[in-house]
Amino acid sequence: MSLTRKTAAELGALIASGEVSAVEVTQAHLDRVAEVDPRVNAFLHVAAESALEQARSVDARRAAGEELGPLAGVPIAHKDVFTTKDMPTTAGSKILEGYRPPYDATVTARLREAGLVILGKTNLDEFAMGSSTENSAYGPTRNPWDLDRIPGGSSGGSSAAVASYQAPLSTGTDTGGSIRQPAAVTGIVGMKPTYGGSSRYGLIAFASSLDTPGPFARNVLDAALLHEAFSGHDVMDSTSIHEEVPPVVEAARRGDVAGLRVGVVKEFGGEGYQPGVINRFREAVDLLESLGAKVVEVSCPSFTYALPAYYLIAPSEASSNLARFDGMRYGLRVGDDGTRSAEEVMALTRAAGFGPEVKRRIMLGTYALSSGYYDAYYGSAQKVRTLIARDFEAAFHQVDVLVSPTTPTTAFPIGERADDPMAMYLADLCTIPANLAGNAAISVPCGLAEEDGLPVGLQIMAPVLGDDRCYRVGAAVEKAFEDRWGGPLLKEAPSL
Amino acid sequence: MSAITRDEVAHLARLSRLALADDELDHYATQLDDIIAAVARVAEVATDDIPPSSHALPLTNVYRPDEARRSLTPQQALAAAPAVEDDRFRVPRILGEEA
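In order, the protein sequences belong to chains W and A. To convert, note that position 489 of the first sequence is 488 in numbering that gives the first Met the number 0; the numbers rise steadily by one, no gaps. To convert, note that position 44 of the second sequence is 43 in numbering that gives the first Met the number 0; the numbers rise steadily by one, no gaps.
Any given hint might turn out to be false.
To give a feel for the contact side, a few chain W residues facing chain A, derived at Cβ under 7 Å [said to hold, decoys possible]:
no.	residue
1	Ala-204
2	Ser-208
3	Ala-341
Examples of chain A residues toward chain W, derived with CB under 7 Å [said to hold, decoys possible]:
no.	residue
4	Leu-24
5	Val-41
6	His-54
7	Pro-64
8	Phe-88
In short, the hints are calculated from the structure, not lab data. For every residue, glycine included, the Cβ atom is placed at its ideal position computed from N, Cα and C.
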């Protein structure tokens, strides 16, 4: 079997035992990138030289008798919203074209410490604002299942890279669903950890109270291994939590649901949901029941207000966070001809450097925070945030995990929602509540919709610091489905 | 009735330091109006007795020891600057002509 088809855990074991070298594994993936990425456009930057250098260092450490971690020498694709001091970091924006940060994000540093081999930086919606990766200033990424469709977003380069076997692992960030939704529509696993469980230091900020780094992988165990590798307290992030990383790898290996109480969120389903999505979701719920879970319906009435609250809170925070891109200290500067004031240069720079969605959100956030509108918009949204946390709290008195479809529809065609912001925003309908309350949530594949043959994701939500429950349930569902399907869902994807 | 007028969008663009063309203002006015009309629903349930949450975690005043540590050198800090002069960021004039 080709090295690019293996799981991260398998590759780590092969490298640790010396059966294959990290250099061979890295070269196989670089070859795959060269072969398929001209069609997929998952990568904004491929760092072949530094990847091979890191691989050689892993091989040398092994040869010297050093004991290696489970992911040492395993290639990874890194979302281009994390700073990397040896590679460009653009956040998918023209305003940061060619920018080389002077420091590594904590997530980047931890990948390097774990011996992971960073193949390059992946495409995203500009500043992680979007659900399709069409908002990138560097062109859309394509879904490996159908190159005319979106790979989800904002972490669409990372989902597409893993789904097209260019890397066994990738990083993402999830502010309103930006890991779970791309995972769902490309048939892979994506996890949003508990807020504060993974560091935001060096993650270019979109909405700081929501942004959460997390892993993508082709199976639940690999996602857990990556989750463990980069999570844990970071003194450089003031919202980083002190609690130990939940036992996610052990949970992924355990994978059973006997006696577990599973709540089906009553509010997620019905109008606006694709029939094939609902059908696959119902089958997943039946499967959980057949595996010994106790399934009940749970009502979370405030969840229907999560989407509007999010589209006030996230743009408000973004309008403040993106003020730093002013063309003064780094990045693009436009119109500095000696006659214009700094303020005029800032306005010209930002108009030229930001794309339409970013401009929309900055203005929307500025509006929601303005005097006279603050109470009605931002203030009300913050109250909804309280209601959503209360709904979760009440639900987790009755059940151990909540489940829903990850997205209302499968991957839509590129261009279909590009100039209709409200239609685009609906892609995050089911994923947003976990961001507003800070909960852990995962998406795992649960089959193909009959209408279009495209992947559907099952979302499993757990309480704050209950990340291990997501992996435990996810692994149980994965095993049962793979027994039924005769292998992973991704084997149904067309070969590129 | 529209929630937001073209003049208001022009004002928001100024506050946001975005030099937008006239046709862009029209386009954004329509889109922002649609979005604001949709998100205004939050007011339906946001009653006076509900406390606002600004954050998912109950963290306040996070401190760390005030210890001197290595930081970026001037060369590193200035490496990505659009314009540099005498180890400083060179910027366009920040005061009015008469100042």
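In ascending order, which of the hints set out earlier in this document are inconsistent with the structure? Per hint list: 1, 4 and 7 violated.
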